[in-house]
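**Q** Residues per chain, in single letters:
There are 2 protein chains.
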Amino acid sequence: MKKLILASSSPRRRELLGQIGLEFEIRTADVDEHVAASSPEELVRKLSHLKASAIRPEAGEAPVTVLGADTIVAVDGTVLGKPADPEDAKRMLRLLQGRSHEVYTGVTLLSYLTDGSCTCNTFAEETKVFFAPMTEAEIETYVATGDPLDKAGAYGIQGFCARYITHIEGDYNNVVGLPVGRVYRELKKERAWDAEF
Amino acid sequence: MKKLILASSSPRRRELLGQIGLEFEIRTADVDEHVAASSPEELVRKLSHLKASAIRPEAGEAPVTVLGADTIVAVDGTVLGKPADPEDAKRMLRLLQGRSHEVYTGVTLLSYLTDGSCTCNTFAEETKVFFAPMTEAEIETYVATGDPLDKAGAYGIQGFCARYITHIEGDYNNVVGLPVGRVYRELKKERAWDAEF
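Just so you know, the sequences run in chain order A and B.
So the number in my numbering is just where the residue sits in the first sequence, counting from 1, plus 52.
So the number in my numbering is just where the residue sits in the second sequence, counting from 1, plus 52.
No lab work stands behind these hints, which were simulated from the structure alone.
The model shown is predicted, which means the values in this text are computed figures rather than measured ones.
One should not assume that every hint holds.
When chains are identical, the list treats them as one kind, so a pair holds in a single copy or across two.
Claimed, not checked - The list that follows gives simulated cross-link-like pairs (lysine-lysine, DSBU-like), each with its CA atoms no further than 30 Å apart: (1) K142 <-> K240; (2) K54 <-> K142; (3) K240 <-> K180; (4) K142 <-> K241.
Starting from the given sequences, assemble the full structure and let the hints guide the process.
**A** Now the structure itself:
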């Protein structure tokens, strides 16, 4: 089986990729995340490509695929990253409560082949998430748990915040940080033409 | 805070209810799950009520709410329970692959008050789940993991099978076994009129 490298330090992405039974290594590098983009989809595609291309396979390591990913929350076209502090987290939750928003994860698969060539597959998945209304007291309580502080859009769908999410349209794991269903299907497509897989 | 009793031995339901920060006790009783129903929604509502009403609070324990739940998978109106054996699991997965189906969780909240009265709140949540096509080899591999054998419809959305799920419409946790968003909102409504909560 062709080697897979996850270019992300996120424990949630590691867990998701492991959950579907794929073997992989983790390698990360610092990247400058300031990029220009005309849409949230373009932004996460570009960021995922930056992360994947920052990892260079070693000599003789091909065939190997490097997976980079980036997740953002968008509400009315405005991108919400990780909150700066608890006040910023409350501001974001006030924007999200009582309505729907979009979560985008961009994924780039860079496949290095034995003949020295490299193919690039970049895509973005969108999931719509619907929040129930939240009172100020509920926002305070949730921010006090600490859960929002390290997450894009100031919430984690897989934790305490599940009490405020009414439903979603799309891939749940995409909101957690990696659309593993799509990743699996794209890797399977590569297998079809790559005799070395 | 009014006491909450989860009338289910499912580790997944326990985890979901704990995740949203509610305190509760677990108490279970055997119930005869053979009931007649004209639809999947009616079936899970009835089963959840059977499970909740099988638990009788002790004297002086009111106010207390007992939560019963039941989850089933339905495809073209046919209900899929837990598979009898690996062959049965493969049969179910062949039905589900490459299309959508519905997952229903019925929930009953029986609230016993200090004046001896009891209120009953029963509802069913529906989530549509979309499977990618699966080859016979993929079905074999998944059944060999053992994951399908203790699950309604022969799959667990939160495990290995995530690689075959393209998207959902509805509450993800409803598919895992308990729609905790809806449960939280219903409990909150009860608080509004129950001064003892």
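**Q** All the hints need checking, so say for each whether the structure fits it.
**A** Hints versus structure:
1. Taking CA atoms no more than 30 Å apart as the test, K142 paired with K240 passes between copies only; the shortest distance there is 21 Å, against 41 Å inside one copy.
2. Within a single copy, K54 and K142 get their C-alpha atoms only as close as 44 Å, which misses the 30 Å cut-off; across copies the closest is 28 Å, which meets it.
3. In this homomeric assembly, K240 and K180 come within 30 Å of each other (Cα to Cα) both inside a single copy, at 26 Å, and across copies, at 25 Å.
4. For the homomeric pair K142 and K241, the shortest alpha-carbon distance between copies (24 Å) is at most 30 Å, but the shortest distance inside one copy (42 Å) is not.
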